[in-house]
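From first to last, the protein sequence lines are chains A and B.
Here the first sequence stands for residues 675 to 991, numbered as in our numbering.
Here the second sequence stands for residues 675 to 991, numbered as in our numbering.
One or more hints might be untrue.
Since copy identity is lost for identical chains, a pair holds within one copy or between any two.
Computed list of lysine-lysine pairs in DSS-like fashion (alpha-carbon distance at most 25 angstroms, straight line) [what the hints assert, rightly or not]:
1. Lys980 x Lys880
2. Lys778 x Lys703
3. Lys818 x Lys880
4. Lys980 x Lys928
5. Lys789 x Lys803
FYI, nobody ran anything at the bench for these hints, they're computed from the structure.
Number of protein chains: 2
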Amino acid sequence: MAKPPRLDEFQRIARFFAPLAGEGALCLKDDVALIDGPAGTQYVLKTDAIVEGVHFFPDDPPGQVAQKLLRVNLSDLAAKGAMPVGYLLTTALTVRQGEAWLAKFSAGLAADQRKYSIMLLGGDSTRTKGTATLSVTAIGRIAKGTAPLRGGARPGDAIYMTGTLGDAALGLSVAKGGLKNRSAAHRRFLLDRYRLPQPRLDLGRKIARVATAAMDISDGLVADLGHICEVSGVAAIVETARLPLSQAARVALKADPRLLEIILTGGDDYEILFTARAVPGRLPVTQIGRIEKGQGVTVLDGDGKKLRFKQSGYRHF
Amino acid sequence: MAKPPRLDEFQRIARFFAPLAGEGALCLKDDVALIDGPAGTQYVLKTDAIVEGVHFFPDDPPGQVAQKLLRVNLSDLAAKGAMPVGYLLTTALTVRQGEAWLAKFSAGLAADQRKYSIMLLGGDSTRTKGTATLSVTAIGRIAKGTAPLRGGARPGDAIYMTGTLGDAALGLSVAKGGLKNRSAAHRRFLLDRYRLPQPRLDLGRKIARVATAAMDISDGLVADLGHICEVSGVAAIVETARLPLSQAARVALKADPRLLEIILTGGDDYEILFTARAVPGRLPVTQIGRIEKGQGVTVLDGDGKKLRFKQSGYRHF
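Chain A on its own, in the form it takes in the complex (with noise of 0.2 angstroms):
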C-alpha cells in the first residue's frame, strides 16, 4: 500500500493545530497571538524554538545563540510595532552546554536585555541527553488594534521592505564555506549578518503607524510574501530591480547571477516586509513591488520577465 505523502509544516500546522486555534490565535495564520493587555493596551505575545544541529550548533558561540534566540522572537515583535515588555526562557540541555557555555549564554542575553530594555520573567530549565532544544516566548505591548497583520493587503497597496535583502542566505553559503572569491570584509559582513539578526523595533513603531499588512522575511522573501497574499487574498508584484541589496550582496550577485534565487528565497533576513498605500518619505524603507488583485507573488527580472519559483528554487518561464 503506497504510503500517503509527508505533510509539510505548513500542512501539518493547518491540519493538526489551527483546529485548536482560539480568539487571540488569529487562525494561526500569523507569526503572533494577541490577548489584552492593561488600560487599552494588547500583549503581542510569539513563540520560537530553536535546535542544536538544525538552527544552531555545538561550537556555536553561546552568547551569540542567546541572542539569536531572543532577536528571531523579537523581530516578530518589531514587525507588529510592537514594545517589547519580556521573555520567558525554556532550556533542554545537554551535557555539550556546561557551565562554561551557560555562562557566556547568560551573558549574551544580559547584553541583549540592555539592548533592548526587556527582562527575563520566568522559564524553566531541564536536561536532556539528545539534542538541546531552547524556545522564547516573547512579549511586547501595542496600542490595541495597531497591529499590523498578515491579512490586511489590499489591490493598490504597494509593498516595503526595511533593510537589505538576501545578506543572511549569503552569509549562510559564506559559513558553508561558498563565496570563496568574495572580499574577506564582504564576507565577514554577510556572516554576520546571517549570525545576529537586528530586529527593527524602532521602525517598526513607525511602520505600524502607515502598514495595511506586516511581517519579518525568516523564510525568505517570495514565502513570506506569499503568506501576506495568502492570507489577504491578493497577489503580489515584485521588481528585482528595486531590491534593496548591501554593497557586499551587489558584488556578490553581480560576479554571479544565479545567487539571485538565495537573494530572492534565503531565509533569516529578519527585515520587516509590508504592504501600504504610501509611507511619509522619511521612512527608511525601499519599495520592492505592489500588490493587485489576484493570487501568489509573481517577480519580475530586470528586464521585466517574469521568473517562476518552485519551492526554494526559480525558473524563467
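Could you slot chain B onto chain A? The hints should help.
Quick look at chain B alone, frame taken from chain A:
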C-alpha cells in the same frame, strides 16, 4: 586539577538566570511570572518543557503526552488561583512523531481544551534529528495581587494539601515494573495518577482566598515545601500520621513501610501545597503540618520521631 563540582538545576538557575530576571519574574523564586492584564487583573504566565526519553517515551500514548504537557502547566496556574486563558505551544519533533502521532497528540489537546475551557493562542513547529522536545507557555488570569506566592508563609500558619500524596511516585514504580504484589486495580489507579495529572483549578481559586503561600507539588512534598520555607524564611513541621493517602497507597505502605520515602519525596503529584492561618471547614483539603520559626523541613513519623532527608532519601536520627 580537580574539576569544580557540577551545579544542580537550582544552582544553575540561581547563578546564570536569576540575575537576568526583572519585575514580574518574582526573582525566579516562584513557578510563575505575573504581568498586568486589563481592568485590575494580572496574567499568570508559566512555561514548562518535556523531553522525549526524560519526561515521556516514544511509545507513550500521544494524547496522554499532550495532556500531561498541558496539565503540568495548568497545575501551576491552579496553585496561584488563576483561571486559565490559553497557551502557546512549541514542538520540536523527530521522524518518530509522524502524522498518526500528531493526530492523536492534537486530539488530546482538543479534549483538554474543552475540559479546561482554554484555547491554543499560537506556537512554533520545527523538526529535530535528536530527541523530541515540547514546551507550553500557559496563561491564566487573576484579580491583581491575589496570587499566593512562595514567600508568604509565616510562623503559626498551618500547612495543607489537596488530594492524596505519593500516588504518582508509586505509579512511576508500577510503570517501572515495581509493586508487583499489589492488586491490578490499585496498580492501575496509581499508574493513572502518574500518567495524567488533575490540575486543581476550581479548588485552587478557593484556596487562593485564604492561602499565605502556595505552589503545586511537582518535585515531591519535602523538596517543594523546602522551597516555600526557603523563600518565606520559615521552618515546616510535617506529621506523617496526617498525610492524605489513597487506599492504594495506604495498602502498599502497610505492606512495605519503606515506601514512605517515595511517598514523601517522589514527584508528579500536581496537588496544591499551601499554608494558611486556617481554612473554611468545607474546603476539601488536609492539614499535614505547621509553619514555625527557623528553617528547613522536619518530618515526624507516626511516633513523633524526626525523619531526616538527604536529597531524595531519608533516614532516622
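Structure-inconsistent hints, enumerated in ascending order: Numbers 1, 5 - these are the hints that the structure violates, sorted from lowest upward.
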